[in-house]
Amino acid sequence: MADLLTHFLVPYILLTVTSWRADWLDRRWIVVGIGGAAIPDLVKVEIVLDDSTVEALLGVPFAYDPLSTLGGVLLLAGIITVAFDRHHWMRVFGLVTFGGLTSLLFDGMRVYADGRANAWLYPFTNWRPPTPSLYVSSDPTVLVVALLTAGTVAILDRRIRAQN
Amino acid sequence: MCVWVRVVIVLVLCLTLGGLFVHAEVTEDRWSPYPDATDLSAGYESYVGQDLMVVGTVTETSEDEMEIKAESDGEEIVLRVTGMKTAVEPGGVVQVYGTLKPDQTIAAEHVEVVSSSRWAEFYKYGASAVGALGFLLLFFRYWRIDRETWTLEARDG
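For the record, the sequence lines run as chains A and B. Taking our numbering, the leading residue of the first sequence gets 1, the next gets one more, and so forth. Taking our numbering, the leading residue of the second sequence gets 1001, the next gets one more, and so forth.
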């Protein structure tokens, strides 16, 4: 998967541009959407606590992989949503899910040696979508492009807000 | 809304997520079609002749082949990758797609370099750490924890 910073920048760019047309989408809500982008990266918890260790501790088969799938994004978006006031639940759930989806889609476009991405639509389907193989996760070009785009959007955003 | 109602919702969602963690491992063959390091360690011979994709850390490189170490669920297996020339240093990470041959060898059809060296891996984790820190600072600039209702509340009301 791409680095976490790139994952954050993608929904920042998309939500900021959307906010130029949607008045309710101010910076505090954009930040909530950005946060959702981190959900698929939580699968990296395996670096600290391996699945096999959890499996041995609990005595049941165990894999963290669903964190990087649509099912994991929806469930964690739900958990995050409950941390907010009841009046904001629909909005928070929508934004966090959107952030998570941008990361899943972005990861689904990276290089796979057999030409197919992970089954990120799990548990709804086990199908592995074809990938356009646009980038490898450790290629700094990806982050540079994301930073330049985010910088341009930030400047435009400041101007548009100043005009309003 | 009462704190306990929220606790119940969170518990139900966490249990469902836990169910997915178990279901995913049980049904791994359906969404991950290739044998992993654990499968190969347990019954290598039964997979010989099959196509597979493995992700591994490069341990050795030579003119036209390399050695990789694949790992899953605490099991490790060292595989020789033949048939592809790639610019990667030991410590780098590659995806290999090819046919499994006897003697812990893969005849590669396609190799993708995920990280060309150990430094490329460090770069990825460094950028992620910067991202995580930046996000937390930004988030708590706009939101705070209300200790009376135990909810997140916008700082500007």
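Derived by calculation from the structure, the hints in this document are not laboratory data. Check before you lean on any hint, since a few could be wrong.
Claimed, not checked - Here are some chain A residues pointing at chain B (derived, C-beta under 7 Å): (1) Leu5; (2) Gly71; (3) Gly78.
Claimed, not checked - A short, non-exhaustive set of chain B residues, derived as facing chain A with CB atoms under 7 Å: (4) Thr1016; (5) Phe1021; (6) Gly1043; (7) Tyr1044; (8) Ala1070; (9) Glu1112; (10) Gly1131; (11) Ala1132.
Stated by the list, open to error - Quick list of in silico lysine to aspartate or glutamate cross-link-like pairs, DMTMM-like style, CA-CA up to 25 Å: (12) B:Lys1069 to A:Asp157; (13) A:Lys44 to B:Asp1039; (14) A:Lys44 to B:Glu1065; (15) A:Lys44 to B:Asp1103; (16) B:Lys1085 to A:Glu46; (17) B:Lys1101 to A:Glu46.
The structure displayed is predicted, hence computed values, not measured ones. We put the CB at the ideal spot given by N, CA and C, even for glycine.
Each hint tested on the structure:
{"no.": "1", "hint": "Leu5", "result": "holds (3 Å)"}
{"no.": "2", "hint": "Gly71", "result": "holds (6 Å)"}
{"no.": "3", "hint": "Gly78", "result": "holds (5 Å)"}
{"no.": "4", "hint": "Thr1016", "result": "holds (6 Å)"}
{"no.": "5", "hint": "Phe1021", "result": "holds (5 Å)"}
{"no.": "6", "hint": "Gly1043", "result": "violated (18 Å)"}
{"no.": "7", "hint": "Tyr1044", "result": "violated (19 Å)"}
{"no.": "8", "hint": "Ala1070", "result": "violated (13 Å)"}
{"no.": "9", "hint": "Glu1112", "result": "holds (5 Å)"}
{"no.": "10", "hint": "Gly1131", "result": "holds (3 Å)"}
{"no.": "11", "hint": "Ala1132", "result": "holds (6 Å)"}
{"no.": "12", "hint": "B:Lys1069 to A:Asp157", "result": "violated (47 Å)"}
{"no.": "13", "hint": "A:Lys44 to B:Asp1039", "result": "holds (22 Å)"}
{"no.": "14", "hint": "A:Lys44 to B:Glu1065", "result": "violated (30 Å)"}
{"no.": "15", "hint": "A:Lys44 to B:Asp1103", "result": "violated (32 Å)"}
{"no.": "16", "hint": "B:Lys1085 to A:Glu46", "result": "violated (31 Å)"}
{"no.": "17", "hint": "B:Lys1101 to A:Glu46", "result": "violated (30 Å)"}
Of the numbered hints listed earlier, those contradicted by the structure are 6, 7, 8, 12, 14, 15, 16, 17.
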